[in-house]
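Quick mapping for you: the protein sequence lines, in order, are chains A and B. Sequential numbering from 1 applies to the first sequence in this note's numbering. Sequential numbering from 1 applies to the second sequence in this note's numbering.
By construction, these hints were calculated from the structure, which means they are not laboratory data. Mixed in with the good hints, there may be bad ones.
[To be verified] Dumping the calculated BS3-like pairs for lysine-lysine here, alpha-carbon to alpha-carbon at most 27 Å: (1) A/Lys33 - B/Lys3; (2) A/Lys3 - A/Lys33; (3) B/Lys3 - B/Lys33; (4) A/Lys3 - B/Lys33; (5) B/Lys33 - A/Lys33.
Letter by letter, the chains look like this.
2 protein chains.
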Amino acid sequence: MLKPEIRDPQGEAIMGAARRLGFTDVRSVRQGKRFEIEIDDGQDAEARTAELAAELLANPVIEEFALSRP
Amino acid sequence: MLKPEIRDPQGEAIMGAARRLGFTDVRSVRQGKRFEIEIDDGQDAEARTAELAAELLANPVIEEFALSRP
Numbered sequence: 001m002l003k004p005e006i007r008d009p010q011g012e013a014i015m016g017a018a019r020r021l022g023f024t025d026v027r028s029v030r031q032g033k034r035f036e037i038e039i040d041d042g043q044d045a046e047a048r049t050a051e052l053a054a055e056l057l058a059n060p061v062i063e064e065f066a067l068s069r070p
Numbered sequence: 001m002l003k004p005e006i007r008d009p010q011g012e013a014i015m016g017a018a019r020r021l022g023f024t025d026v027r028s029v030r031q032g033k034r035f036e037i038e039i040d041d042g043q044d045a046e047a048r049t050a051e052l053a054a055e056l057l058a059n060p061v062i063e064e065f066a067l068s069r070p
């Protein structure tokens with residue numbers, strides 16, 4: 001996801017569209033990416049996945065990421 | 001996320017890049033979208049959010065979605 005202090009014009013456009021469609025109770029929308037990654041199991045699998053996210057998937061200047069297990 | 005039976009060329013490209021970067025333990029990558037939505041609280045807030053996802057955010061022909069609370 002974009003860091004909270006970074007403006008998200010796409011999310012704002014979606015919020016506008018939602019309100020025009022009648023979803024007037026929507027207060028904010030922010031859009032980001034989600035990756036589902038299968039990685040070989042091992043004691044460092046979670047650390048490897050974090051490394052992959054930090055090096056390849058996220059732009060650390062404007063984005064933050066979180067890991068979750070299925 | 002794309003439905004499991006739909007090919008995800010972008011995820012496949014990311015997997016290739018990851019392996020070339022040395023993440024040879026990555027078995028698959030699939031890319032989708034994530035939305036963080038603030039909606040007025042109410043007994044139907046979750047149902048409204050599902051309606052928003054189904055009508056505006058997801059393409060039901062090729063995508064599936066899941067809701068989670070913060």
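**OP:** Could you work out which earlier hints the structure fails to respect and list their numbers in ascending sequence?
**Re:** none
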